[in-house]
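Chemist: Model the placement of chain B on the given structure of chain A, informed by the hints.
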Amino acid sequence: MATPVMMPRQGQSVESCILGQWHKEVGEEVNEGDILFSYETDKASFEEEAKESGILLATFFEEGDEIPVLTNVAVIGKQGESIEEFKPGASEGEAEKAPEAITEEAPKVIEFEVEEDQVGARLRISPLARNMAEKMGVDIQILKGTGPHGRIIARDIEEAAQKPAAKAVIETPAPKAAPVSKPTPAVVLETGDDFEVKAIPNIRKLIANAMHQSLQNSAQLTHHMSADARQLMKLRKKFKAQLEAGEIKQNVTINDLVCYAVIRALEKYPQANTHFLGDKMRWFKKVHLGLAVDTERGLMVPALRNADDLSITGLSSQLKQLSTAARAGNVNPDLLSPAAATFTVSNLGNYGVEMFTPVINLPQTAILGVCTIVPRPKELEDGVYGFVPMMGLSLTYDHQALDGGEATLFLAEIKNQIENLQV
Amino acid sequence: MPKVQYINPDEVRKPGQIEFKPIPVNQYNKTIEDEKENFSNNDLIRIFHDMVVIREFETMLNLIKTRGEYNEVPYNHPGPAHLSIGQEAAAVGMAYTLGVEDFIFGSHRSHGEILAKGLSAISKLSDEQLEKIMDSHFDGITAAPVKAGHTGTTKELAIKFLIYGTLAEVFARETGFNRGLGGSMHAFFTPFGVYPNNAIVGGSGDISVGAALYKKVNRKPGIVVANIGDASMACGPVWEGLTFATMDQFNELWEGDMKGGLPLIINIMNNQYGMGGQTCGETMGYNIAARIGAGLNDDQMHAERVDGYNPLAVIDAYKRKKKILEEKRGPVLLDVLTYRYSGHSPSDASSYRSKEEVEAWEAQDSIIWFGKELVKAGVATEEQLEAIKTSTTELITYALKLAIDDEVSPIMNMKKHPNLIGEMMFSNQSVDKMEDRPVEVNHPMEENPRVQQLAKKERFMFDANGKAHSKIKTYGLRDGIFEAIVDRFYKDPTLIAYGEENRDWGGAFAVYRGLTEALPYHRLFNSPISEASIVGTAIGYAMCGGRVIPEIMYCDFLGRAGDEVFNQLPKWQAMSGNVLKMPVVIRVSVGSKYGAQHSQDWTALAAHIPGLKVVFPVTPYDAKGLMNTALQGTDPVIFFESQRLYDIGEQFHKEGVPAEYYELPLGEPDIKKEGSDLTILTIGATLYRALDAAKTLEEKYGVSAEVIDARSLVPFNYEPVIESIKKTGRIVISGDASARGSFLRDLASNITELTFDYLDAPPVVVGSRNWITPAHELEDYFFPQPEWIIDAIHERIVPLKGHVCENDFTEAEQLDRNARGI
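The listed protein sequences correspond, in order, to chains A and B. Per this note's numbering: the first sequence = residues 1 to 423. Per this note's numbering: the second sequence = residues 1 to 822.
Since the hints were derived computationally from the structure, they do not count as laboratory data. Source: prediction; values computed, not measured. Glycine included, each C-beta is placed from N, C-alpha and C at the ideal position. Any given hint might turn out to be false.
[Said to hold, decoys possible] Simulated coverage check for chain A against chain B, where a stretch passes if three residues somewhere in it have a Cβ under 8 Å from a Cβ of chain B: (1) 127-137; (2) 279-293.
[To be verified] DEER-style ranges, computed between Cβ atoms: (3) His-803(B) with Gln-141(A): 25 to 35 Å; (4) Thr-408(A) with Asp-816(B): 25 to 35 Å; (5) Asp-816(B) with Gly-383(A): 51 to 61 Å; (6) Gly-595(B) with Glu-354(A): 18 to 28 Å; (7) Glu-811(B) with Gly-383(A): 39 to 49 Å; (8) Glu-354(A) with Tyr-781(B): 46 to 56 Å; (9) Gln-141(A) with Gly-562(B): 22 to 32 Å.
Okay, chain A solo, but in the shape it has when bound (with noise of 0.2 Å):
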């Protein structure tokens, strides 16, 4: 008997998918495991594999559709099999047994070592490599160099090439992500002499208004703070003496020690870890923190549940699978929700960004900007100065739900757990 193919449900949130690309054709065979079709959500894209083998025999949606979730998209069977009690809305008792096709299996995990120095900096390539990546269609930005200085060096390229899986360690086989390093092309709609208009991806779009929705619908301020980072970075030192010398496996990073600090600072003002519901507000127990991670698709804040409850290296090798995650395109969307955080660290440090405003993840209250590194003069006893690397802070907080003092307090307690920090 022919099986229906459904479109899966990504987490609990999602009610509906995009259907991006067909990868079979009606009428052609597929083995299990073949990728039937790419699909996104608001955040992700994905791809889905054939559970059965056989033959296509029927599509029921077109490329770009919005499909709800748990609907029959295509069916697979044996040729002249019937298809028809499997066309989305025929029959509710046999849509009601499509659960059971669902996969809830985790998303894949990519891993790669991102050395805390590298974040942001320069990538190491031989330029011969670079061209090798170029027409063998390897992805650089995830590769791990082996040459000096963890250079991209043109055998780098070549294993990669010829073991496409050796380039990411797949822990659960399924759904594939789709590949990060090649974006759906946008659609052209219009070209003009000197323009084309594009039509932008449905992630632009849930930033975009998200964004408005943010400015139209509080009152946003900023203040503006520095610590200083002689603390912090001499346990980043420290960290990184013990994960060379094998004592531990987890690469702390600045970012992770700020996190922490954050977390604690949190945990003496809850009223900064709330979210404001206009005419009530939200106080969280937990600290639920969300992290903004650039990706090719665009900004991504996934949550780290319950981050209060780690130490620094568990919140360490959480925040990192997170980001890495959220780069892959392969988060769980219920963590993207905006609701999902109750306080978010949005980290332009490695970009060497000095001050800056980010804008708050609504309903949350309050967004910490983190900045770069810079030297400052300081006093550092009676009379005497010197420059000291201070770290930028950027608290945006909702004026609505906070007042001036209440934040100024509460950005200063960040600073103070930053340069007291203990571990």
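Modeler: Below, chain B alone, put in the same frame as chain A:
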């Protein structure tokens, strides 16, 4: 030291003393009346005329330089003008008796000598000869402007041609005697016997000796005059030229008609100043420069001081001295006393001398005095002399107008022909022999003991089973060089070779063993231990038309011939406007084992200087082929040889080194071992260490290395290297030179620019340390070793699995060494 000369202790230990003959000073005392039997009135008037021409020419330049106009003709001349106003009698007296076939060499202050010798030659050449010279020089380009509209005699035309050609040269015009590439300080015109003047003080001091050697060895008529300043007598190369010129062997060892001294006059144009330094009383100690001759040989170089303010005194001296040279009793040294009124250059404020001094000399001005004497003796009337002056002013004005006319006398159009000068740097000719006549040899080549011995040697290093032949049976690198050279000695009659220990010893490294038997003394001889004269004389020999192989025993001694190798040898082909060829192959042996002053690879110094070809073969096959090519060419080649390799056999050319003649093109690097993963490019003996490294890379790390031997440095064809890098993507460049500023770095820089997109890592240079070369026992810490190459690859190009570095090739170390200058 030849065995025929026995140093008898009983003789040399005898007491005694050296007797000097009196050195004549200004002994000439004849009047014009006395000289009437030797000169016609016309001769005497011509002497006056030639002096006036020089005076007016120099006065014109002085006015152009100081006032920007002459005779209402404005012009700005930005270049040099070292003038000789006041020295005219010395120049004309020197040139008067010389034949066209006599050559003069000069200094930076030689306009007067060019004109004097040119005028002298014009007076001796027939109209037909003059026409031919003018029409053939650059196909008549120089003559065309003066020919246009000329109505007088051919001799008058030739004088215009001389003045114009010289002036156009001074003004850098393409119509100048040397296409404007020589300029004021280097102008010359060989058809009139005027050979290069030289902007380096004393530059002609050894080159002219080589020219005299050329005349002697090739039995050419004529003598050579070196016009050098009194201050140049302090220069080492001048002294070296003098010692070379006065070697005993010319009389003691050279045989048959070759026995006898060089046809050379060292003519000190003694204007008593070296720039502002007074040579008598301040910067020298000879008091009278003629004294110098007494220190050089028994004949005291027949030296005397001559009054250069009386042209007849100088002529008298030349008549007497030429006779000495004809009797093969040269060389001669003349101290021609003169004085310049003009400054060292127009910018000279004459702060070093008093007004009274200048005025006192002007009061005895040779032109005024000689004119008065002519009138007094009834040779000429005042009107006649005035007419000469007037017509000379007209002549100079005419030549000036013509020479500054951009239409008639353009400068080189470098916009239209951007490579014009580049194309003149080398003559790139292929010439079997510089002259077609029988060669002088002692026996047929096949009778030569070395040639016979070589016939029995193994021309490939390994036997059929891959086993190396014994060293004594193996045809080595020195044999390859020998075969090429002996072949040329039997082909080119002009070829000569010399250097330290070149004859009886066969060269310090036995390359020439066998040549002694084959060649008469004048084709192969021992030079004094004076590198400047070895190279300087070779330059003079070659620019006159001969081919020559000077030898520098150790590369470290190149500095001793610095001016000759860097300023003279590479420049003259282009500076002459391609009139001269420079078929000189300098053999330079690169040492090891003997420490800091005997173990340096200075290939970079030679490669840096435009105008030299530079090769460094390290296999017998390459050495013979490249030496053949170098000797077939007409350009200066610095031929480096490694003392580590003189006995190495041929390992690459499977057929062995051919016994017959073959050429290998200069500039082609050679792949000595093919590979696919990495390229190692080497200069010199490092090839063999690179091959060792390649072996380890392959056996231990599975890396297939391609090894390329640069063979040449200049020219250098990068194509094979680029092709190799397209294949391997990686390159190490190695050689024995200290890395800083080496040619290795030049290769790396060009390779980076040319192959950037193909590179998997930056080209890495593995050179010697920037230290003194230590003793043999410590050399492995100085010269690149196979392990260095592997360490550098691991550290900088591609980490090798399981490799542990012994040497520090990290960037930090590189930064630190550079920061410390070591």
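Chemist: Among all the numbered hints in the text so far, which are the ones the structure does not match?
Modeler: Failing hints, ascending: 2, 4, 5, 6 and 9.
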